[in-house]
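Peer 1: Guided by the hints, dock chain B onto chain A, whose structure is given.
So the sequences go chain by chain: A and B.
Each residue of the first sequence is one higher than the one before, counting from 131 in our numbering.
Each residue of the second sequence is one higher than the one before, counting from 522 in our numbering.
Just so you know, the hints here were simulated from the structure itself, not pulled from any lab data.
Please note that the accuracy of each hint is not assured.
Here's a subset of chain A near chain B, in silico, CB distances under 8 Å, partners left out [unchecked claim]:
#1 T259
#2 A261
#3 K316
#4 A317
#5 D319
#6 D321
#7 M322
#8 A325
#9 S327
#10 L329
#11 T334
#12 L344
Since this is a predicted model, take the numbers as computed values, not measurements.
Think of the CB as a built atom: it goes at the ideal place given N, C-alpha and C, for glycine as much as any other residue.
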Amino acid sequence: MATSAVPDLNAAGLKRDASLEQFRLFGLSFPALALVVVVLVIPVAWLFVLSFVGADGAFSLENYTRMVELKSYRRIFLITFQVSFITTALAILAGYPFAYFLAQMPPRIANLFMIAVLLPFWTSVLVRTYAWLVLLQKQGLINQWAISLGIWDEPVAMVNNMSGTLIGMLHIMLPFLILPVYGTMKAVDQDMVKAASSLGASPTRAFWSVYFPLTLPGLFAGALMVFILCLGFYITPAVLGGGKIIMVSMKIVSNIELFVNWGAASALGVVLLVIAGIILWAAARFVRLDQLAGGGH
Amino acid sequence: MTSQSPEALPISVRHITKTYGRVHALDDVSLEVKSGEFLTLLGPSGSGKTTLLMVLAGFTRPDRGSLMFGDREVIRLAPHLRNVGMTFQNYALFPHMTVAGNVAYPLKLRGVPRAEIGARVEKALETVRLGGYGNRRIDQLSGGQKQRVALARSIVFEPRILLMDEPLSALDKKLRDHMQIELRHLHEQLGMTTVYVTHDQREALTMSDRIAVVNHGRIMQLATPRELYERPANRFVADFIGDSTFLAVTRTATGVSFAGAPLSISNPIPDAADLLLMVRPERITLARDDNSDGGNRLPAVVREMVYQGDSYLLQSELTDGTLLTMRGAVRGANLSAMPAVGDKVTLNLAPEDAVVIDGRAD
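Same shape as in the complex, but just chain A:
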């Protein structure tokens, strides 16, 4: 063969080029990788270790057994899941129709509404939460207007309770649901619905049998995102819950600020992280996780 006359034929040089290219790629991503290790992996690992340290400074499982034994802890987890679940459900009920409306609009109008979705998204959560407090409290705008318009007579307690927490959380979580749902809706081929309708499906039937199933991955991704974000949410329930709605994140804060018990706080953090991890792992079987970042197409 001719190759025997030129045995090398640039093979060594090409191989060197390939490894050089790989090295450069690694070099470019190194700062980001280093940052992730420093600000994410190390602190989480440290918290993990701390959670197994008891009050006496020795290895102990007391931070975990406490969660199982104390009724107050069980209650906190229950409320956390309750708030997360209801917020997710409300976000689906409010967000899906809104995303559908956006997807049906001509691009110019859809963009306008999209700004309305994103604008609060870009505003501080703290500011928005206090704005809700102003609106919802007993002497707040909503109560004043409703009473002067005769819709109800007595001020309604809309804040410092569960409903206040849910209203605030829903408002903050909606964009996380709307964005991925809108993304999948825009990716649904409009001919699909036309095809269903030419085959004899009424608009309602075409929606439920074709359009809705095709947008489910986006809805699932959005709902998952909202649920996981809710699990660790702090500011809104703390401000709008009026101390009656204690979620895990608030217990973490009080463990540190009030009791200076890093072990107990760490253990709660670890449990939340594990729960979120399990949910994501289970979800990954149904949906591509990159859709969580919006669209993912």
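Peer 2: For chain B alone, coordinates are given in the frame of chain A:
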């Protein structure tokens, strides 16, 4: 399938107009599709052919006009009540259902008993030669197979009208040629009135009983493929279907003349202000020296000569400066004696092949 397929329905389109702003997508279109006919809407993109199909399906609401399926007015009927089969350019198969699920969909909507659905789905799949593919997922199919599933889905409920929107445009050429013949056979077998949209003139010529050439939202000509090719109504149709060279001719007392010389033409000459002689490249030949081919003689100088294997393309300049394209057969006998660039040649156009058309462009 033929035995149980119901009567096909004629379609009658009358004065349908659709405007988008100031653009006439459809400009007072009237058209009769005969029962069981394979009619193709042929035109360039933006001509209005797809808009017309969408009006037939009910997805586009025209400004005015009437649409009859048989003796029933359907112009205001919702798409899902029209009972027409339709295939889409990108197939529009439901990815969350299997092949069988897709084909069963229209039957389920019609409340067909479960036991019957299975048999009818399998039969429809067999009709498109996909028997046994029922359990496949849509993303496991090739383009041609998707096309067949889409077809099976649109015929399984035995609609009396079938609409097809560029169904073969996404397939490669070889598969497209094959599917053209297969669709033709399927149409003969099922006998439903079919309206087919394409921008591919060869596809239209191959498949259709009649072709409606559409441009600027109007029907330029509605005729059989042969009539359309042999006797185009105007320059647009002649230009769109096949390649041709157009020579400006003038009317004389006895007929027409080109560059001062009278032409002998055995086809009728249209009653129009501007007249053009349409010369198809394959209908003109190099004149024989002994004059035994006795047609119209056109002296020319060869400007370009391209050998293409099965034939050769000769571009030559006529006395008035027009470049005329001729396609000649390549045979062993003339291989060595082919004309070369710069040669003076005489072209021969038989009176039967000399077609004078209306010179309007649209």
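Peer 1: Going through the earlier hints one by one, which of them does the structure break, listed in rising order?
Peer 2: Violated hints (numbers, rising): 1, 2, 3, 4 and 11; every other hint is consistent with the structure.
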